[in-house]
Amino acid sequence: MNNCRISVIIPVFNLESFLRRCIDSVLNQSFSGLEIIIVDDESTDNSGKIADEFACKNDNIRVFHIKRGGVSKARNYGVQHSNGDYIAFLDGDDCVDKDIYKEMYMAITSQKADIAFCDVIKVHENGIKEEIESLNLEGGVVPVGKYLKDGKYMQLAWNKLYKREIWDRFLFESKYFEDLLLIPEIISKSNSIVYVKKYLNYYFIRDKSISRTFSKENYIHKINAYKNVIDNVNKTYKDELVYWIVNNILDCIKRKELYFFREEFIMFLQSIS
323 MNNCRISVII PVFNLESFLR RCIDSVLNQS FSGLEIIIVD DESTDNSGKI ADEFACKNDN
383 IRVFHIKRGG VSKARNYGVQ HSNGDYIAFL DGDDCVDKDI YKEMYMAITS QKADIAFCDV
443 IKVHENGIKE EIESLNLEGG VVPVGKYLKD GKYMQLAWNK LYKREIWDRF LFESKYFEDL
503 LLIPEIISKS NSIVYVKKYL NYYFIRDKSI SRTFSKENYI HKINAYKNVI DNVNKTYKDE
563 LVYWIVNNIL DCIKRKELYF FREEFIMFLQ SIS
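According to the numbering used here, the sequence shown holds residues 323 to 595 in order.
Incorrect hints may have been included.
Stated by the list, open to error - Below, simulated SDA-like cross-link-like pairs (lysine to any residue); rule was C-alpha separation at most 20 Å, straight line:
| no. | residue 1 | residue 2 |
| --- | --- | --- |
| 1 | Lys474 | Lys519 |
| 2 | Lys519 | Lys576 |
| 3 | Lys520 | Pro465 |
| 4 | Lys520 | Trp480 |
| 5 | Lys519 | Gln351 |
| 6 | Lys420 | Phe376 |
| 7 | Lys474 | Glu455 |
| 8 | Lys444 | Lys434 |
| 9 | Lys557 | Leu503 |
| 10 | Lys520 | Gln351 |
| 11 | Lys434 | Asn513 |
| 12 | Lys471 | Tyr565 |
| 13 | Lys420 | Asp346 |
| 14 | Lys511 | Gly467 |
| 15 | Lys395 | Trp489 |
| 16 | Lys444 | Tyr524 |
| 17 | Lys576 | Val564 |
| 18 | Lys389 | Glu364 |
| 19 | Lys389 | Tyr498 |
Unchecked claim - Label pairs and their in silico Cβ distance ranges:
| no. | residue 1 | residue 2 | range |
| --- | --- | --- | --- |
| 20 | Ile575 | Ser354 | 44 to 52 Å |
| 21 | Ser593 | Glu487 | 41 to 49 Å |
| 22 | Phe386 | Ser593 | 38 to 46 Å |
| 23 | His543 | Arg390 | 13 to 21 Å |
| 24 | Ile594 | Cys378 | 46 to 54 Å |
| 25 | Ser593 | Cys378 | 47 to 55 Å |
| 26 | Lys389 | Leu349 | 40 to 48 Å |
Bear in mind the hints are in silico, worked out from the structure with no lab data behind them.
Cβ atoms here follow ideal geometry from the backbone N, Cα and C, with glycine treated the same way.
Given the sequences, and given the hints that come with them, work out the whole structure.
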């Protein structure tokens, strides 16, 4: 695609009920110069067909059908086949405000930053919307350490815009909590990040998603992800990241998500203190 400034990567697996809403939200952007790359991870429902229908009607959409490999493989594949100067990720069951890419592109280019990020609207299954402020600061360039220490949804890939060069050096790993394993490391190794203080990303909660599955195995994977990211982060910001992890765990305890797994997390907290 000529004049492609942003590539939006959408990994898809069995999301036929949500995919149209997601794609429409990207097609309706106020920003021109977008390409949409949909990577169908061998869906067994109509997701692949829906994506193909959109691609037939829109020149800026490309669809790839790959063998099942998980969200990390799908994202990496999308990046490798993208043309944009900047990369964004969007889950196929979420959607975005019509101005998200215009706002983040203006911020990241004007400030010559590596990453731009915005605020999030969490949409619960009952339809209630909850505004999540990413950082308790004014918008603009913010200290990397401050975001690693206090950022809400700091560890997630999809409320951000990245310089393409970042993805020449990093890949998502095919493991549980793939965002947590990678995004804090990328942020810690960035020269500059910029905060767009607007609610532009809609995050839809679904109880069957891995992030909402409260099993011992799931939380053991999460502990391992915490350990790995502490090992890989820029050591300049290790203390800030540990602070964020501790508060993240305490929040889970307050929500009683860790009722049956407190012992494991207490042992982990003792190991990093």
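Structure-based check of all given hints:
1. Lys474 / Lys519: 13 Å, holds
2. Lys519 / Lys576: Answer violated: lysine 519 to lysine 576 is near 27 Å, above 20 Å.
3. Lys520 / Pro465: Distance of about 18 Å is within 20 Å: holds.
4. Lys520 / Trp480: Judged against 20 Å, a Cα distance of about 15 Å means the pair holds.
5. Lys519 / Gln351: Answer holds: lysine 519 to glutamine 351 is near 18 Å, not above 20 Å.
6. Lys420 / Phe376: 18 Å, holds
7. Lys474 / Glu455: 7 Å, holds
8. Lys444 / Lys434: 29 Å, violated
9. Lys557 / Leu503: 15 Å, holds
10. Lys520 / Gln351: 16 Å, holds
11. Lys434 / Asn513: 10 Å, holds
12. Lys471 / Tyr565: 6 Å, holds
13. Lys420 / Asp346: Holds: lysine 420 and aspartate 346 sit about 10 Å apart, inside 20 Å.
14. Lys511 / Gly467: Holds. Lysine 511 to glycine 467 sits at ~11 Å (cutoff 20 Å).
15. Lys395 / Trp489: 13 Å, holds
16. Lys444 / Tyr524: Given that 20 Å is the threshold and the Cα spacing comes to 6 Å, the pair holds.
17. Lys576 / Val564: Distance ~18 Å between lysine 576 and valine 564 Cα, so the pair holds.
18. Lys389 / Glu364: Answer holds: lysine 389 to glutamate 364 is near 6 Å, not above 20 Å.
19. Lys389 / Tyr498: The given pair, whose Cα atoms are some 19 Å apart, holds under the 20 Å limit.
20. Ile575 / Ser354: 44 to 52 Å: Holds, since isoleucine 575 and serine 354 (Cβ atoms, about 46 Å apart) stay within the stated range.
21. Ser593 / Glu487: 41 to 49 Å: 35 Å, violated
22. Phe386 / Ser593: 38 to 46 Å: Holds - the Cβ-Cβ distance for phenylalanine 386 and serine 593, about 41 Å, lies within 38 to 46 Å.
23. His543 / Arg390: 13 to 21 Å: 19 Å, holds
24. Ile594 / Cys378: 46 to 54 Å: Given about 51 Å between the Cβ atoms, the range holds.
25. Ser593 / Cys378: 47 to 55 Å: Hint holds: Cβ distance 53 Å, inside 47 to 55 Å.
26. Lys389 / Leu349: 40 to 48 Å: 27 Å, violated
Checked against the numbered hints listed earlier, the structure breaks hints 2, 8, 21, 26; every other hint is satisfied.
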